[in-house]
Amino acid sequence: MAQTHEVTGPAAGTGAAGNPAHTWGFTGLAAVAPVTWGTTYLVTTEFLPPGVPLGAGVIRALPAGLLLLLISRTLPRGDWWWRSVVLGGLNIGALFALLFVAAYRLPGGVAGTLSAVQPLLVAGIALVLLDVRPTRWQLGWGLAGVVGVGLIVLRGQVSFDLIGILAGLGGAASMALGLVLTKRWGRPPGVGAPAFAGWQLTAGGLVLVPVALAVEGLPPAPDAAALGGYAWLALVATALAHSLWFQGLGRLPVTAVSFLTLLSPAVAAALGWLVLDQSLTPLQGVGFALALASIAAAQLTPDAARALIRRKRTDVR
1 MAQTHEVTGP AAGTGAAGNP AHTWGFTGLA AVAPVTWGTT YLVTTEFLPP
51 GVPLGAGVIR ALPAGLLLLL ISRTLPRGDW WWRSVVLGGL NIGALFALLF
101 VAAYRLPGGV AGTLSAVQPL LVAGIALVLL DVRPTRWQLG WGLAGVVGVG
151 LIVLRGQVSF DLIGILAGLG GAASMALGLV LTKRWGRPPG VGAPAFAGWQ
201 LTAGGLVLVP VALAVEGLPP APDAAALGGY AWLALVATAL AHSLWFQGLG
251 RLPVTAVSFL TLLSPAVAAA LGWLVLDQSL TPLQGVGFAL ALASIAAAQL
301 TPDAARALIR RKRTDVR
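Note that this note's numbering gives residue 160 to position 160 of the sequence shown, counting from 1, and the numbers run on in steps of one.
Simulated from the structure, these hints should not be mistaken for laboratory data.
A quick note: this is a predicted structure, and the numbers were derived from the prediction, not measured.
Treat each hint with caution, since some may be false.
As the list claims (entries may be wrong) - Have a look at the derived ranges for each label pair, beta carbon to beta carbon:
id : residue 1 : residue 2 : range
1  : Val286    : Thr135    : 22 to 28 Å
2  : Gly192    : Thr281    : 40 to 46 Å
3  : Asp79     : Val286    : 43 to 49 Å
4  : Asp223    : Val35     : 22 to 28 Å
5  : Leu300    : Gly124    : 18 to 24 Å
Even glycine gets a Cβ: it sits at the ideal position worked out from N, Cα and C.
From just these sequences and the hints, can you work out the full model?
Here is the structure:
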């Protein structure tokens, strides 16, 4: 049986290495991941060939995973071979495939709102697998996050396709289960986050290959713009992002980390406004504020939040 290692600390209610500043530092680094994931829509629509999202997923995940394996020169041992396949299948393979189905059968706003339920799903799965009971504070802000993302991304007529909705919820559940299992199993001693990310990205990319070939066939030869887009997604939004993501997940409570994924649709909408000249309504502004407040509040306990408010009031006086 391969030995596992779980970094506790913040998960037990304290900061990383007992220092709250370190906790916020790991939170900031982990937040880089969903911020870069939020660029996927812009890069895909503006630079990549249309109609091959699964192929793009393979090109994004598999080279990134192999690169991290080459850099770290660390392969799984023992039980970590099958665990890497399970985690890679949940966090990468099944997630990409299910989101592909949801994106094709639902308006983007509906699909984005469904993905925002992930913190609530993480809270429920963590109760079962980690015996971590969610607080009313977390559940309340989880619901607020769903409302906030809905205000950001829902536009025009809302379509309710049952298969699309099930796929969207399945994608959120797949990643939620992957996050909780990653927290439960931890990382083997001496294995860094880049190697750990490389295992999962390689496994997830390999899981996607036959699905992409069966559904889409071979992707078209990329031009210069597509090569640049693929390079950004593979190197920054995948290799770097997942290394930081799994480092943060090892140091921080899993429910708090799951709220950071709300940054992804927020960044996608902001880039649409800034780069693609898409409209941004006052209601979307309210959604941004609510989503960001949910993310920030989820990083605090109610007592810490009250102490922070009292400190702010004292500073004002």
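Evaluation of the provided hints:
Judged by the Cβ atoms, the range 22 to 28 Å given for Val286 and Thr135 holds: they are separated by roughly 25 Å. For Gly192 paired with Thr281, a C-beta distance near 44 Å keeps the hint of 40 to 46 Å intact. With their beta carbons about 47 Å apart, Asp79 and Val286 fall inside the hinted range of 43 to 49 Å. As the Cβ distance of Asp223 to Val35 is approximately 27 Å, the hint placing it in 22 to 28 Å holds.
One distance hint, 18 to 24 Å for the beta-carbon pair Leu300 and Gly124, holds here, with the actual separation near 21 Å.
Of the numbered hints given earlier, the model fails none.
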